[in-house]
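First to last, the protein sequences are chains Z and B.
Residues in the first sequence are numbered consecutively from 200, following my numbering.
Residues in the second sequence are numbered consecutively from 47, following my numbering.
A few of these clues could be false.
To be verified - Among the chain B residues that face chain Z by a calculated CB cut under 10 Å, a handful are:
#: 1; residue: ILE54
#: 2; residue: ILE64
#: 3; residue: HIS128
#: 4; residue: ALA152
#: 5; residue: MET158
#: 6; residue: ALA162
Derived by calculation from the structure, the hints in this document are not laboratory data.
Because the structure is a prediction, the values reported are computed rather than measured.
Here a beta-carbon is modelled for each residue, glycine too, at the ideal position from N, C-alpha and C.
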Amino acid sequence: MSEGFLLWSYLSSGQLLWLWVTLVAYAAGDWAFRASGRNPLANPVMLAVILLACVLWGTGTPYQSYFEGAQFVHFMLGPATVCLAIPLHANLGKLRRALVPILVALVMGSLTAVAVALGVAKGLGAGPELLASLAPKSATAPVAIGIAEALGGEPTLTAVLVLLTGMIGAIVVTPLLNLFGFKDWRARGFAVGVAAHGIGTARAFQVHETAGAFASIGMGLNAVLTAFLAPVVLRLFL
Amino acid sequence: MIPALVLILFCQLVGEVISRGAHLPLPGPVLGMILLLVGLSLSERLQAIVRPTAQGILGHLSLLFVPAGVGVVAHLPVLQSHGLALAAALVVSTIAAILVGAASFALVNKMMGGQADE
Chain Z
200 MSEGFLLWSY
210 LSSGQLLWLW
220 VTLVAYAAGD
230 WAFRASGRNP
240 LANPVMLAVI
250 LLACVLWGTG
260 TPYQSYFEGA
270 QFVHFMLGPA
280 TVCLAIPLHA
290 NLGKLRRALV
300 PILVALVMGS
310 LTAVAVALGV
320 AKGLGAGPEL
330 LASLAPKSAT
340 APVAIGIAEA
350 LGGEPTLTAV
360 LVLLTGMIGA
370 IVVTPLLNLF
380 GFKDWRARGF
390 AVGVAAHGIG
400 TARAFQVHET
410 AGAFASIGMG
420 LNAVLTAFLA
430 PVVLRLFL
Chain B
47 MIPALVLILF
57 CQLVGEVISR
67 GAHLPLPGPV
77 LGMILLLVGL
87 SLSERLQAIV
97 RPTAQGILGH
107 LSLLFVPAGV
117 GVVAHLPVLQ
127 SHGLALAAAL
137 VVSTIAAILV
147 GAASFALVNK
157 MMGGQADE
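For reference, chain Z alone in the conformation it holds in the complex (with noise of 0.2 Å):
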């Protein structure tokens, strides 16, 4: 019994069973979009991340000493994002055909992004730090918890409500677009990269080359864009 604990206390206070149960939830997850048939509620991010909030709350393991053994897979999300450049240099030409277009959509739709989520939020009551936490939602994590200190919000809770959005985003983004009969996979892509950062543009890439490649540029000039926007439109709000 006290060896068992002994043993427990070590492991879950280490970073070697925590980096190992991530890839086990999220090999699940995925297996469970697999056996779906790639249905998009059956989003793998979703899914690893409950039955890890699941196997969090059954143990009784605070979030952060899970995330001291995460922390090597959520590192990887500056390397990746430096790795977008490829599929980007791999259609730079349709991106330079497309210039105005992706333009006026990024405006279009990061405008709506923002003034939507805080038209909403302060309809039902949110208050002055969450609107200012939810502003910059829909811009890729490290960016959004930037704008959010500048503006007042609280940080962690802006990372939590982009990884809500990117969920959305990925989840509706397929059935939603087909519904209006979008066929471009251009503007399926960069829209979904506007409104749902990395993890709408994983999703894209699930989907299609070009949809995800054009998700991606959404996501950067969005980063920038929202680092602008979210100030002005708060201001509107408050």
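Chain Z is fixed; fit chain B onto it per the hints.
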């Protein structure tokens, strides 16, 4: 794989130095991506070195968001007390932004006489 990682991390490193040094709103990895894009445009050899590793990393992009996503558990009280406002704001704004973005792209493309990529 090692030369590819050296190049990728070098781009990120230079991006971080520029971003922090010049206090830019752009994060280091995004600047690193732009730097690698410039490099790829200049050298075909660079493409051959980086491509296999980059595609391996991007093939599992979704996995990388999992640790931050689990942060939801640390914010359950706030999410519960403002659950409805936040859920409605996220769902409605994300759907609206995707539709407005895709529609503006398609409309402007059509107005300019561009071809759709289907």
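Output the indices of the hints that this structure fails to meet, ascending.
2
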